[in-house]
Each structure stands twice: as structure tokens, then as C-alpha cells.
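Student: Protein chains in written order, with this note's numbering: chain A, 65 to 292; chain B, 9 to 269; chain C, 21 to 320.
In short, the hints are calculated from the structure, not lab data. Careful, some of the hints might be misleading.
Stated by the list, open to error - Under 8 Å between C-beta atoms, here's a sample of chain A residues computed to sit facing chain C:
id : residue
1  : M109
2  : F112
3  : G143
4  : P149
5  : W151
6  : G153
7  : G154
8  : S257
9  : G258
Said to hold, decoys possible - 20 Å max Cα-Cα, derived DMTMM-like pairs, lysine to aspartate or glutamate:
id : chain 1 : residue 1 : chain 2 : residue 2
10 : B       : K92       : A       : D230
11 : B       : K181      : A       : E191
12 : C       : K229      : A       : D230
Yeah, the Cβ is synthetic: ideal placement off N, Cα and C, and Gly gets one too.
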Amino acid sequence: MELMLEQMPIVIRSLNVGFLQTLKLFAVTLLGAVPLGLVIAFGSMSRFRPLSYITKIIVWIIRGTPLMIQLLIIYYFPGLVLGKPIWGGGEAGRFLAASCSFIFNYACYFSEIYRGGIQSVPVGQEEAGLVLGMTRSQIFFKVTLLQMIKRIVPPMSNEIITLVKDTSLARIIALQEIIWAGQAFMKGSQGISGAIWPLFFTAVYYLIFSGILTVLLGRLEKKLDYFR
Amino acid sequence: MAILEVEHICKSFEKTEVLKDISFSLEEGQVLSIIGSSGSGKTTLLRCLNFLERPDSGIIRVCGETLFDSGNPASLQESEIRKKRLHFGLVFQSFNLFPQYTALGNVMLAKELLAREQPDYKARKKEIQEEIRVLAEELLKQMGLSDRMHNYPHQLSGGQCQRVAIARALALKPDILCFDEPTSALDPELTGEVLKVMKELAEQKTTMIIVTHEMAFARDVASHVIFMDDGYILEQGTPSQVFEHSHEERTKQFLSRFTNG
Amino acid sequence: MKKLMAMMVAGVMTAAMVTGCGGGSGTPADAPAETVAPSEDGSAEDANAEATDTESGQEEAAVSGDSDLEYVKEKGTLVVGITDFEPMDYKDESGSWIGFDADMASAFAESLGVSVEFVEIDWDNKIMELDGKTIDCVWNGMTLTDEVMSAMECSNAYCNNAQIVIVSADKADQYQDVESLSDLTFAVEAGSAGEKEVTSLGLNFTPVKAQSDALMEVAAGTSDAAVIDSLMAAAMVGEGTGYENLTYTVGLNSEEYGVGFRKGSDLAAALNEFFAASYADGSMTETAEKYGVQAAVIAQ
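Go ahead and model the full structure; you've got the sequences and the hints to work with.
Tutor: So, in C-alpha cells, the structure goes:
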């Protein structure tokens with residue numbers, strides 16, 4: 065116990081650095097995947113058949129394979145098969161590769177949620193907009209979008225909470241997120257070795273962060289309660 | 009001159025012919041009631057007039073302007089259709105109010121969006137918005153909803169919702185206001201308030217086309233009645249011609265169900 | 021599009037096999053070498069092309085092995101793949117990498133006239149990192165096993181090590197010879213030299229992801245014993261560490277550390293020369309003394 069208190073400041077500092085990386089990956093993924101998911105959703109709903117087929121196949125592949133494998137492919141494939149290590153070996157390159165994998169993966173999941181949300185808005189809403197002389201984009205942004213958002217908030221909250229924890233997968237390409245930072249003390253790092261508790265302590269970070277997100281998303285849900 | 013002329017409209021879904029050679033005309037300030045059993049093509053006809061469906065053939069003219077001519081491809085363009093729709097207003101059976109806007113917001117929305125296309129919108133933004141708001145409030149007052157303007161659709165009764173929907177359609181000042189079974193989704197005790205509003209509109213010489221199952225209302229308010237059966241116009245004329253002196257056996261059969269029932 | 025997808029799928033398979041081979045016990049040692057070979061050819065050619073492009077006046081690079089040294093010199097950085105492994109590679113208080121391996125790697129890079137960059141990698145993916153050119157060498161107390169030597173171009177051995185058995189301190193006196201180990205369950209790092217030892221002794225074992233995980237298994241009681249590197253055990257087990265209740269008993273074998281490069285790379289030969297020179301002038305021993313590993317250093 066005494067030893068643990070002694071190690072605490074070093075461990076916390078190290079976990080904070082790792083958690084910052086986790087947060088960065090989380091934020092970048094969300095910022096990228098939320099709009100990209102909408103683009104993919106429109107692609108899969110397109111009336112131009114080839115486009116919707118291709119989009120659906122891509123979504124199937126991305127959702128049908130483990131994110132861990134996708135990370136490995138995106139990071140190592142260029143160097144291994146094409147002979148061009150486009151990401152480089154440094155931390156920035158690994159982060160970029162991880163961001164690309166996560167954004168693409170999550171955009172595919174989001175796209176399916178969006179599609180369900182858009183399709184669950186009654187056709188009558190669009191028709192009402194049309195007979196009032198609104199353009200299709202006006203109908204989407206002024207009528208459909210908010211109703212869709214209201215419907216997708218609960219499933220999106222689920223995915224977002226999952227994303228928080230999924231970021232830990234990025235350590236397969238040696239992105240030093242919080243679990244990596246916690247594990248380092250088991251092997252030995254900064255004079256602390258054989259310490260198991262930092263790894264378990266990372267759970268506290270996840271718990272607090274997902275708690276904050278749950279509250280925020282719950283508020284959003286409540287905010288949209290004013291209409292049905 | 010007739011405000012609306014419809015000539016030889018045909019429409020099929022896949023292999024089913026829903027509208028078969030429909031022609032009629034309507035004078036300004038008149039009220040046209042379309043009656044007939046379910047599946048006779050009444051609703052499809054209204055949807056064709058509002059360009060929610062595209063007729064396979066035929067011509068639609070409003071105030072002498074050809075809005076739709078199946079023989080003239082230029083009239084079929086999507087971008088053109090949006091403007092042409094504004095000649096018509098449509099009140100749906102299921103209201104289709106926008107749930108995230110208040111009653112007032114529902115009435116104002118389309119008009120506001122349309123106003124943005126005016127060249128002087130930026131300069132007179134506040135003024136224009138104020139005008140639109142005053143107009144919307146007046147319409148809702150006319151519908152007897154002055155104390156409900158700031159309620160959301162889910163806080164209103166069905167009858168109140170339908171009156172908001174009517175105000176919403178009127179806000180764009182359409183030449184012809186169409187109703188698609190406006191009282192069918194309402195509880196019986198709520199139909200009265202909607203029919204009363206429609207009757208007032210008729211008295212103010214609003215040109216209307218009403219698809220309805222309310223036979224008594226059609227007879228009282230309409231200046232012209234069309235009876236549709238299996239995609240055809242089987243009979244048309246003044247209410248007394250259709251209701252009391254019908255020539256066709258189908259018409260008599262149909263009407264007897266209402267008078268006896 | 022379809023073709024690209026097919027290629028990607030094939031790529032995954034290759035990648036999965038390369039990583040998988042490190043972990044699976046009893047996988048033929050030559051498998052990784054075979055799967056790696058085609059991509060290695062590709063990257064070597066590519067490096068060749070780059071070299072001739074920029075040094076147009078020079079004669080053509082004759083053998084593909086020439087190119088790796090040129091490739092590193094040209095980009096001006098030697099990227100060293102490491103893990104946090106005291107006393108070989110670890111961070112000092114200011115956050116820069118030190119240790120016997122880290123200091124030697126910096127000196128080697130200096131001798132080549134390039135800068136050094138340390139990159140923490142996932143140990144499982146070291147071959148993929150090398151062949152994918154995201155790192156240029158693995159320099160991290162790596163035991164020279166048959167698998168390692170067939171998949172990488174390795175330097176001469178520079179440091180001795182042993183695989184030793186870790187048990188909880190209160191039971192240590194019962195397990196002081198190899199014969200007594202047969203009724204224990206072991207945790208060993210997948211693909212490590214320790215795994216090889218327990219396999220050849222026919223002992224019961226569970227492969228885990230890292231040596232540190234193996235220690236945790238013993239501490240948590242989910243395994244009776246672990247086999248890890250003696251250099252690591254010295255730093256991590258016993259008084260003053262997080263594993264005060266563990267201790268080491270039997271040494272199973274002795275082994276040697278080496279540095280790994282891409283298959284066919286001429287950097288291995290360059291490093292051997294550097295090792296010989298720095299052993300001769302005493303600088304290697306001096307560095308080893310700094311980290312208390314001088315007794316383990318092998319004469320070059």
C-alpha cells in the first residue's frame with residue numbers, strides 16, 4: 065500500500081499522457097465518422113444502383129471484419145506489400161493510421177444507424193415539405209434531420225460509449241494509449257516494475273469518461289424531448 | 009375562364025390502372041367534391057395535381073398556364089415542378105405536421121424558406137419575417153387557434169392539428185386548396201370543428217377540391233361533385249344532379265350505403 | 021475495387037500468418053521466412069531504385085543487400101524498434117530513451133552519420149514492423165532463436181542471458197531442480213525463448229502476451245510458475261519490486277541477445293564491425309558498466 069502511494073504520482077502522470085492519446089483518438093474519430101457516416105448512408109440509399117451496391121459491400125466488409133485486423137492492414141499493408149511505408153514509424157504516423165481506421169470503421173456503423181433513422185421518418189413528412197414548395201435539401205435539413213437525430217441518439221450513444229473502450233485496440237499498432245501506459249509498469253518503466261495496479265487503474269479513467277459522456281448524451285436526449 | 013383544366017389524365021402503378029382518362033374543369037371560387045369508394049383513384053388524382061405522382065399522360069392547366077403536358081418534356085423537369093406545386097395546397101388525411109415546430113412554426117416555415125429566394129431578403133430580413141409571422145398568426149386565429157399558436161403538434165388534438173395543417177397550406181396562398189379525406193383520421197366528435205372551418209373557407213370563395221366520405225358535407229358545401237369508380241369519372245354535376253338524380257346504378261348503390269347507414 | 025479488396029484480404033492473411041507464427045507453439049520455423057520473402061524482395065528493389073535515382077553518377081548497386089544501409093543513410097534516421105525493457109531500453113526522468121541497448125544504438129547511428137529514433141512497438145509485430153519499413157531494426161534484448169534468425173538478418177550475439185523459472189517465494193525450496201517442475205503449470209510469453217524451453221521439457225504451459233503477463237499469472241495464482249529472461253527477472257522480481265512474493269529458482273538454458281534487421285540487410289554486417297570496434301576500444305564495456313550488465317557482455 066505504501067509502495068503504491070509512492071508510485072502513484074509517476075503512474076498518474078504516465079496514465080494521463082496515455083489518456084490524452086485515448087481522448088485524441090476518440091475525438092478525431094467522432095469528428096470524422098459522424099459526417100462521413102452520413103455520406104455513406106446516402107451512398108447506400110442512392111437510387112443509382114451501382115453506387116448503393118458498392119457502398120453496401122464496403123459497409124459489409126468493414127462491419128464484418130475485426131477492427132483489429134483493419135488497423136493492422138491500414139498500418140502495415142503499405143510498407144509490407146507496396147514497399148511504401150506511407151505512415152512512417154513515428155508516433156504521429158501511428159496516430160494518423162489509427163485515426164483513419166477508426167473513422168472509417170465507425171462511419172460504417174454510424175451509416176447504418178443513420179439509414180435506419182432517416183427511413184423511420186414517415187414519408188408524409190417529405191411529402192408535406194414537397195407540396196409546400198420546399199427543395200429536397202431544405203426538407204432534409206429543416207424537417208427530416210432533427211427527427212432523425214432524435215431517433216438515433218439512443219443507438220448512437222451506445223456506439224459512442226463503445227468507441228471510448230475500442231480506442232484501446234489501437235495499441236496493436238503500438239499507439240500508446242492509456243492501457244499501453246498502464247501495462248508498461250508491469251514490465252518495468254520509469255523505475256517501477258512489476259506493478260499490476262496501474263493497468264487496473266486505467267478502468268477508473270474509462271469509467272469516469274464514459275460516465276461524463278452518458279450524462280451529456282442523456283441531456284441531449286432530454287433536450288429533444290420537446291417534440292414527438 | 010376555368011381556373012383548373014384537367015384533360016385525359018391516365019396513371020398506372022406497375023400493371024394496375026388507377027386513373028383512366030380523367031377530365032374535368034373547375035371555376036374560380038368553386039368547391040369540387042370528389043366522392044367514391046376506397047381504391048377508386050380519388051387520392052391518386054389529388055396526388056397527381058400536387059405532383060406527388062406523375063401522370064403517365066394528360067394535361068394540367070391552371071389559369072390557362074400549362075403546368076403539365078405529357079407530350080411536352082420541358083414541362084416535366086424536376087426543378088420546374090417545385091414552383092408549379094405552389095399553385096396547389098394540400099391538406100393530408102394524417103396532417104403530416106412537422107413535429108419539431110410549434111403550430112406557428114409549422115405555418116411560417118415554408119413561407120420563410122421561400123422568402124429567402126427574394127432578391128431583397130437580406131436587406132429586409134427582419135421586416136419580411138415580421139410580415140410572415142403576422143400573416144401566420146392571423147391564419148391561426150381564423151382557424152380558432154389563437155391560444156394554441158405556441159403548442160407543439162403532440163400537444164394538440166387531432167382536430168386542432170388538422171386546422172393547423174389547413175393554415176399551413178393557406179399561408180402560401182395557393183390558387184386551389186386540396187383536401188385528402190381531411191376528417192378520416194379524426195374521432196367523430198372532432199370532425200365538426202374541421203368541417204366548420206372548411207365551410208367558412210367555402211363561404212369566402214376559396215377554390216377547393218375536397219376528397220371526402222362526409223356525404224352530407226359534400227352536398228351542402230360543394231358547387232360541383234364528381235363520383236369516381238374504378239379509376240373513371242362515372243358521374244359529375246351539381247350536388248342535386250349527383251345525389252338526387254343520379255343516372256348510374258353504381259352511384260345509387262354507393263350513395264344508398266350512406267343514406268341508409 | 022474488387023481486385024484491391026482481394027489484394028487486401030491476401031495481405032491480411034500474410035500479415036496474420038507472420039504474427040501468428042511468433043505466437044503459435046510448434047509452428048515450423050521456416051514458415052515466416054517464406055511468407056516474408058516476396059515482400060522483402062519488393063522493398064529491396066524499391067530501395068534500390070531510390071538509391072540509383074538520387075545517386076545517378078554512381079555505379080549500380082550490385083546486390084540487393086547493399087540498399088538497406090543506403091536507404092537508412094538517405095533518409096538520415098535509423099528507426100529502432102524497442103519495448104520498455106529495463107535495463108536494455110527504458111526512459112529516464114526527462115523521458116528520453118536510455119539503457120545498454122539504447123545507448124549502443126545511438127552510438128551506432130552516430131557512426132553511420134544518421135540520427136536515431138526510438139519507436140515503441142508491439143513485440144508480436146516486430147517482423148511486420150521491419151518488413152513494412154516502419155522500423156529499421158529490433159534492438160531490445162532479443163534472444164537469438166531459430167525463428168528470429170530465419171525471419172531477420174541478425175547481428176552477432178552481444179550479450180548472454182538465461183531463461184529462469186519464477187515461482188512464489190514460499191514454495192521456492194520445493195522447486196530447485198528441473199525434475200521437480202513437472203507438476204507445475206507454467207505461463208510463458210508466446211514466441212519467447214522461455215516457451216521453447218518448456219515445450220522441449222514437455223511441461224504444461226499457457227502462452228501469454230508478454231513476460232510481464234506471465235509474472236502476473238504467477239502473482240495472481242492462475243499459473244504456478246513462469247519462465248522469463250534472467251536480465252528481466254533481476255529487475256522485476258524480489259525485494260523492492262512489485263513482485264516481492266516471487267523469486268527465481270532453476271535456470272533452464274543460456275542464450276544470447278542479438279539485433280535484428282530486415283532479411284538480407286547489410287546493416288547487420290555494418291553493426292558487427294561497429295561491435296568489434298567498440299569492444300576493442302572498451303566503449304562497449306564502459307556502456308555495459310553503466311547499466312550493470314558488464315558480466316553478460318560477449319567478447320566481439
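Student: Each hint: holds or not?
Tutor: Okay, the hints, checked on the actual structure:
no., hint, verdict
1, M109, "violated, 20 Å"
2, F112, "violated, 16 Å"
3, G143, "holds, 3 Å"
4, P149, "holds, 4 Å"
5, W151, "holds, 7 Å"
6, G153, "holds, 4 Å"
7, G154, "holds, 6 Å"
8, S257, "holds, 4 Å"
9, G258, "holds, 3 Å"
10, B:K92 - A:D230, "violated, 52 Å"
11, B:K181 - A:E191, "holds, 18 Å"
12, C:K229 - A:D230, "holds, 19 Å"
Of the numbered hints listed earlier, those contradicted by the structure are 1, 2, 10.
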